[in-house]
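2 protein chains.
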Amino acid sequence: MISEKMKYMVANGSAIRAMFEEGNRLIKLYGAENVFDFSLGNPNVPAPESVKSALIEIVEETDPIVLHGYTSNSGYADVREAVAESLNKRFGTNFAGKNIIMTVGAAGGLNVILKTLLNPEDEVLTFAPYFVEYRSYVANFGGKLIEVSPNAPTFQPKLDEFEQKITPKTKAVIVNTPNNPTGVVYSEDTIQKMAAILEAKQKEYGTEIYLISDEPYRELVYDGVEVPYLTKYYDNTIVGYSYSKSLSLPGERIGYLVIPDEVTDSELVVAAATVANRVLGFVNAPTLQQKLVAKCLYEETDLTYYNRNREALYGGLKECGFECIKPEGAFYLFVKSPVANEKEFCEAGKKYNILMVPGSSFACPGYVRLAYCVSYETIMNSLPKFKELAKEYF
Amino acid sequence: MISEKMKYMVANGSAIRAMFEEGNRLIKLYGAENVFDFSLGNPNVPAPESVKSALIEIVEETDPIVLHGYTSNSGYADVREAVAESLNKRFGTNFAGKNIIMTVGAAGGLNVILKTLLNPEDEVLTFAPYFVEYRSYVANFGGKLIEVSPNAPTFQPKLDEFEQKITPKTKAVIVNTPNNPTGVVYSEDTIQKMAAILEAKQKEYGTEIYLISDEPYRELVYDGVEVPYLTKYYDNTIVGYSYSKSLSLPGERIGYLVIPDEVTDSELVVAAATVANRVLGFVNAPTLQQKLVAKCLYEETDLTYYNRNREALYGGLKECGFECIKPEGAFYLFVKSPVANEKEFCEAGKKYNILMVPGSSFACPGYVRLAYCVSYETIMNSLPKFKELAKEYF
Chain H
1 MISEKMKYMV
11 ANGSAIRAMF
21 EEGNRLIKLY
31 GAENVFDFSL
41 GNPNVPAPES
51 VKSALIEIVE
61 ETDPIVLHGY
71 TSNSGYADVR
81 EAVAESLNKR
91 FGTNFAGKNI
101 IMTVGAAGGL
111 NVILKTLLNP
121 EDEVLTFAPY
131 FVEYRSYVAN
141 FGGKLIEVSP
151 NAPTFQPKLD
161 EFEQKITPKT
171 KAVIVNTPNN
181 PTGVVYSEDT
191 IQKMAAILEA
201 KQKEYGTEIY
211 LISDEPYREL
221 VYDGVEVPYL
231 TKYYDNTIVG
241 YSYSKSLSLP
251 GERIGYLVIP
261 DEVTDSELVV
271 AAATVANRVL
281 GFVNAPTLQQ
291 KLVAKCLYEE
301 TDLTYYNRNR
311 EALYGGLKEC
321 GFECIKPEGA
331 FYLFVKSPVA
341 NEKEFCEAGK
351 KYNILMVPGS
361 SFACPGYVRL
371 AYCVSYETIM
381 NSLPKFKELA
391 KEYF
Chain S
1 MISEKMKYMV
11 ANGSAIRAMF
21 EEGNRLIKLY
31 GAENVFDFSL
41 GNPNVPAPES
51 VKSALIEIVE
61 ETDPIVLHGY
71 TSNSGYADVR
81 EAVAESLNKR
91 FGTNFAGKNI
101 IMTVGAAGGL
111 NVILKTLLNP
121 EDEVLTFAPY
131 FVEYRSYVAN
141 FGGKLIEVSP
151 NAPTFQPKLD
161 EFEQKITPKT
171 KAVIVNTPNN
181 PTGVVYSEDT
191 IQKMAAILEA
201 KQKEYGTEIY
211 LISDEPYREL
221 VYDGVEVPYL
231 TKYYDNTIVG
241 YSYSKSLSLP
251 GERIGYLVIP
261 DEVTDSELVV
271 AAATVANRVL
281 GFVNAPTLQQ
291 KLVAKCLYEE
301 TDLTYYNRNR
311 EALYGGLKEC
321 GFECIKPEGA
331 FYLFVKSPVA
341 NEKEFCEAGK
351 KYNILMVPGS
361 SFACPGYVRL
371 AYCVSYETIM
381 NSLPKFKELA
391 KEYF
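Read top to bottom, the protein sequences are chains H and S. Letter 10 of the first sequence, counting from 1, is numbered 10 in the working numbering, and no numbers are missing. Letter 27 of the second sequence, counting from 1, is numbered 27 in the working numbering, and no numbers are missing.
Okay, chain H solo, but in the shape it has when bound (with noise of 0.2 Å):
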């Protein structure tokens, strides 16, 4: 009785749901604290204090009919200005406010863009490894995604690949550093490449094509690394954010698109993103969760847990002989896989309570990703458990 489409989706979600429903049945069998769940991407680290005090007030200082109210579909105007600003300030970039239209997180803000942008056929090139969604995003507008093949074992993109699969058809490309499941953050030089091949191609096919740069991981960061803000390398850029990660707020479904005075007939794109926000269901960004990231603009994300968990898991999965990039971003370990078939050694890991995903999942076999937001003690607990694993491969 259902579409055809979601008859489709549901039978292939069940990989990723089963794994839910293994990691419940292992607690269950087990207890939380022997099952090693590296397998959500749900940061285990609180929001930050002043978050809560922030609601506090908030919810206390403001009138109700204006902080539980409808906005504008594209936001609260003096909270897209302070979300400019604050961009302003951190990357010397010069946006205005009219440039911002909060969104329901990333996934809101992407969907609501490549809806604006996409006519049926259109095609979307992105980079594999990357996050499955892109593809049911980009369908749900009946868009194409395209892939470009990943480039193991460093996992930067592979540019010759890029520029011969840009046709007249690309309308987008969907980048994502720091890198979901990777940790990968691209390098300002890979960027400069990225963009003067794109700016060759679309003046090659006069079109335009639209750089869209997926960032909930953009404060994760190690090692002093600098993200590059790609608005500055190319003018076709634009930018969804989510407060996810960097404060904590996966549930409560905040973020935003940046969409700057150089994209081509950048009015006409805010105005259509700012339809497209309310048609799809959106309507605004829950009004209380923007009031809230505009009075938190300026908090560091606590990188000092992540850092030690990361540096634990990536110390302890090579010594026990796995093979991995180390990580510079996100709170991801793409580890390669010892046998072809990763899916075989995520089931091997179920012996030892430890849940991982295949690197399938993200268009990339033969490796799996381990998300480490997790409990340090889980950490620790998980090595000798791996160890154990290890001994069945090497």
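By construction, these hints were calculated from the structure, which means they are not laboratory data. Keep in mind it's a predicted model, so treat the numbers as computed, not measured. A hint or two may mislead.
Identical copies go unnamed one by one, so any copy, or any two together, can satisfy a pair.
Unchecked claim - Pairs of lysine to any residue, SDA-like flavour, derived with a Cα cap of 20 Å:
no., residue 1, residue 2
1, Lys89, Cys296
2, Lys52, Lys295
3, Lys169, Met1
4, Lys144, Pro120
5, Lys144, Met1
6, Lys52, Thr62
7, Lys98, Ala18
8, Lys98, Met1
9, Lys52, Pro64
10, Lys295, Ile56
11, Lys7, Leu268
12, Lys201, Met1
Fit chain S to the supplied structure of chain H, relying on the hints for placement.
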């Protein structure tokens, strides 16, 4: 550069945007107290005091990792159970948590269920006048919105035309009672007849036809009128609810879908709607608001405010000579334009700083909608202006 569909929508959305701008222009010129803006369905009643205390209590007492973390795509299990139980108590239904999906308002819920159900070219019936966004929501998934023509002056649904317009391609029917823009509540007799028609057509065509009840105004009824709970009359009923009006939280984007066990393939529909909630980019309903509404399930909406407005505006307009059915619900009056082209009448109103929405925005030309969710003062101050306006016609 934007998509062809969005070009059309941006161009066509400009009438309503122009009205917003006109309101702001008039306020700047004449002051807010001299502008009578009846164009917006934004409640002027603040959220109940208990909303404020509940929000603070939740923020103070809940572990932030739980409070702001991802939930299942269908929402917190405890919230879903609490919602089901409250419906059972109020309506004698028999729902469990598994029948509830928490959504980003009713607009989010409608998009989720339409994504779940519609194949391209499927038909969705609705009764004019109707909330104009239904057309966009259905179009989002390639469906066709088919209108049943308005039944002036009572605006009860035309059931004979409805029956004739059901085809083997009819996948769903959207009803909205209490109704925006008319304020009309469908009687139990109407619902029973509608259910009988749908049952017969399902049998005749061997299809499933889902009745989608869009209920943001359920609690806003006057004179002791009862709004039948539709799942009790027709098995394939799905309810979309929003707390926007009952708790005055429109900006917070919180509501739910009810998918009863009686719906054909209920479990599959729930599973697909859960996936749809994710892939459309909602991911989950905002978590703090989920917890909030669970605490306020038995809060009574204060109707005295809206009822006083209703009596004052209805009485005042009748006295001027305008024709209008007395609404039993919601917070709208749907007034007959004294000239055939109601846009002319709206223009004439602007001379007196009165802003009204033309009925053609609801597929019902010849009428205008007045939203009386404004301050009582605005209504009382507008009445002399309406008197002057009336003199132009009667």
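Now the hints, each set against the structure:
no.	hint	result
1	Lys89 with Cys296	within (14 Å within a copy, 41 Å between copies)
2	Lys52 with Lys295	both (11 Å within a copy, 19 Å between copies)
3	Lys169 with Met1	between (34 Å within a copy, 12 Å between copies)
4	Lys144 with Pro120	both (8 Å within a copy, 17 Å between copies)
5	Lys144 with Met1	between (26 Å within a copy, 17 Å between copies)
6	Lys52 with Thr62	both (16 Å within a copy, 10 Å between copies)
7	Lys98 with Ala18	between (43 Å within a copy, 17 Å between copies)
8	Lys98 with Met1	between (43 Å within a copy, 19 Å between copies)
9	Lys52 with Pro64	both (18 Å within a copy, 8 Å between copies)
10	Lys295 with Ile56	both (12 Å within a copy, 17 Å between copies)
11	Lys7 with Leu268	between (36 Å within a copy, 9 Å between copies)
12	Lys201 with Met1	between (44 Å within a copy, 16 Å between copies)
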